[in-house]
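**Student:** Please model the complete structure; the sequences and the hints are all you need to start from.
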Amino acid sequence: MTATTAIRTDESNSFASGRLPRAAPWWVLAACLAASAAVFALLGAGAPIAEFNIVGTVFIGMVAYTIVIVAIARLVEGQRRATDRFVTTLVTLAFVIALLPLISLVFTVITNGLPRFDLEFFTYSMRSIVGEGGGAIHAIVGTLLMTGTAAVISIPIGLMASIYLVEYGRGRLARAITFFVDVMTGIPSIVAGLFAYAVFSALLGPGERLGLAGAMALAVLMIPVVVRSSEEMLRLVPNELREAAFALGVPKWLMIVKVVLPTSIAGITTGIMLSIARVIGETAPLLIAAGFTNNLNYDLTEGRMQSLPVFVYTSYVAQGTDAQAYLDRAWAGALTLILIVMLLNLIARLVARQFAPKLGR
Amino acid sequence: MTALGTPPRIAAKQRPGDRVFAGSAVLAGSLILATLALVAAFLVIQSVPAVTVPADQLSILGGDTFLEYVVPLVFGTVWAALIALVLAVPVSLGIALFISHYAPRRLAEGLGYVIDLLAAVPSVVFGLWGGNVLAPAIQPVYTWLWENLSFIPLFAGPPSGTGRTVLTAGIVLAVMILPIITALCREVFLQTPVLHEEAALALGATRWEMIRMTVLPFGRPGIISAVMLGLGRALGETMAVAMVLSATGVITVNLISSINPSTIAANIALSFPEAYGDNVSVLIATGLVLFAITLVVNAIARVVVNRRKDFSGAN
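Just so you know, the protein sequences line up as chains A and B, in that order. Numbering-wise, this note's numbering comes out as the position in the first sequence, counting from 1, plus 108. Numbering-wise, this note's numbering comes out as the position in the second sequence, counting from 1, plus 4.
No false leads were slipped in.
Each computed EDC-like pair below joins lysine to aspartate or glutamate, with the alpha-carbon atoms no more than 20 Å apart:
1. Lys17(B) with Glu351(A)
2. Lys366(A) with Asp22(B)
3. Lys360(A) with Asp22(B)
4. Lys17(B) with Glu275(A)
5. Lys366(A) with Glu275(A)
6. Lys366(A) with Glu351(A)
7. Lys360(A) with Glu348(A)
8. Lys366(A) with Glu340(A)
9. Lys360(A) with Glu275(A)
10. Lys366(A) with Glu348(A)
Reference listing, derived: stretches of chain A covered by chain B, where coverage requires no fewer than 3 residues with Cβ under 8 Å from a Cβ of chain B:
11. 204-217
12. 353-361
Residues of chain B placed beyond 12 Å of chain A at every Cβ, according to the derived structure:
13. Thr69
14. Leu71
15. Phe222
16. Gly253
Think of the hints as simulated: they come from the structure by calculation, not from any bench. All of these numbers come straight from a predicted model, not from anything done at the bench. By construction, the Cβ of each residue, glycine as well, lies at the ideal position given by its N, Cα and C atoms.
**Tutor:** Listed below in structure tokens is the structure:
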């Protein structure tokens, strides 16, 4: 009802009247931020608050902007458009709010991590080091060994399972696998660690922690991710290619190896890289299954093995006599870890772009 | 399906290569089912001593029965996850809408990638950040809440001096599940039939009215399952909670005091390195409880998603 009356009153100049100019929100935003900054500057000069507070300025400015723009829109454009502007502001704010922790996190990791991001960090282990110095070579070696082993276990299984789902799977077994792969993606990482620990204490006696157990825990977490991403990629391969191969008399297995896999190899590689990036940062399962140590250990089948995330955790939790040295090492470890994960992500995206399936016609 | 005149199905010639390949594919698929069954079996077997061994021989229980030990942990797990959901869901819906319907087209993909970056950060780094940066920064807010709102049980205080409360842990968890919920919701929102949106706009709807009438009803099952998946992740998250929360293992809804409930996963991570003998079984049994909870939550989410596939026509 209100809509009809609104249209009628606007009939005189129906396109231009009753709307705020396009630039109006920006002007209001600038004015509100300036006003808020002025208030805080005055408060700072009058000394009720210690210093100029940038977070407070932006916060008060945004609240003021929301109120002012909604009020103006209500007066000029009516209730419906005012609600629209209100929601637009909220939605944009949500995005900005999500950026805050990301910026803060990246900033602190870089500033706190750089002091110990040196050669010693990458060449020394923590063996018989009490205060300053030392490094994380044992953790880096452990992470590479365990993640590598997990990848060697889970890539063939995951890939073959996805081939089964796409090329062979019909009926109940395929449906069960699809469902339980989905369920498996939701396994809490620490439960995977408990599982690997339980298996190896049943095999080797209680309390045994070794690199292989860590790799097994990571594989449990990695397999469903590999299956999911490879399955999606295999389904993208057009059926015409399969039929063309069959028409030439190619056996099914050769068709999969020579036609389906090469077509989708870029996507599969990307998915595998992303799954490695996901498990390389896992802490809890390795803490449980592989334990922690200060020594360099190259043997997956014997003795505890340190990894980079667990190194960060133990340095943070068990700060020794010189707490700052331990914290610095933790931050440097965190920086290394983030760089590795970002690098894997970047390579994955480059691979996806470089070797995208050449289906163009 | 069989129309008149369709030739009878011809069975392909079975070559050895085919048999080996198909066999190994079936094997790999079954191995996944076997793994999941093994996970459940090993956890059950290993956690039997937690209930059969008399409670006074298990030092970790501190005189309680197993049930008395695990209930506060379950409460803490659910409580922290719920706080995270309450904080994360509105924000992620906002971000998903912003990327799918508000941001300029050219920017949208890049902005989505920025949010995905949050998902790539390892949980231990979130823990480090939450404990060292967020907790001290947010402590004054807790003091303020206590001074002004302490009549609400949630803010009964007294405020923690370090800021390492269950609310801080909830905020860190919220940041961690944000990208998951956002990514799924964005996908669903982008699948809204363009004709529905254009029809709403053509009838004179504002952008918000269009979203409320077409995008949100269409995406509701997707939103629900995204929230459930986020809940599953928040329930199982370990390191961020273990490194941020200073827990005492009680049941309380007080968000800002220094006495906080612990979560199952964090409790395992903190107690496991020192546990010995049958105490390990107690921790594995709590892990089994966590496994069961997340299994149920994830299964519900998947059922909702799968049911949606049938009637939406989006796929």
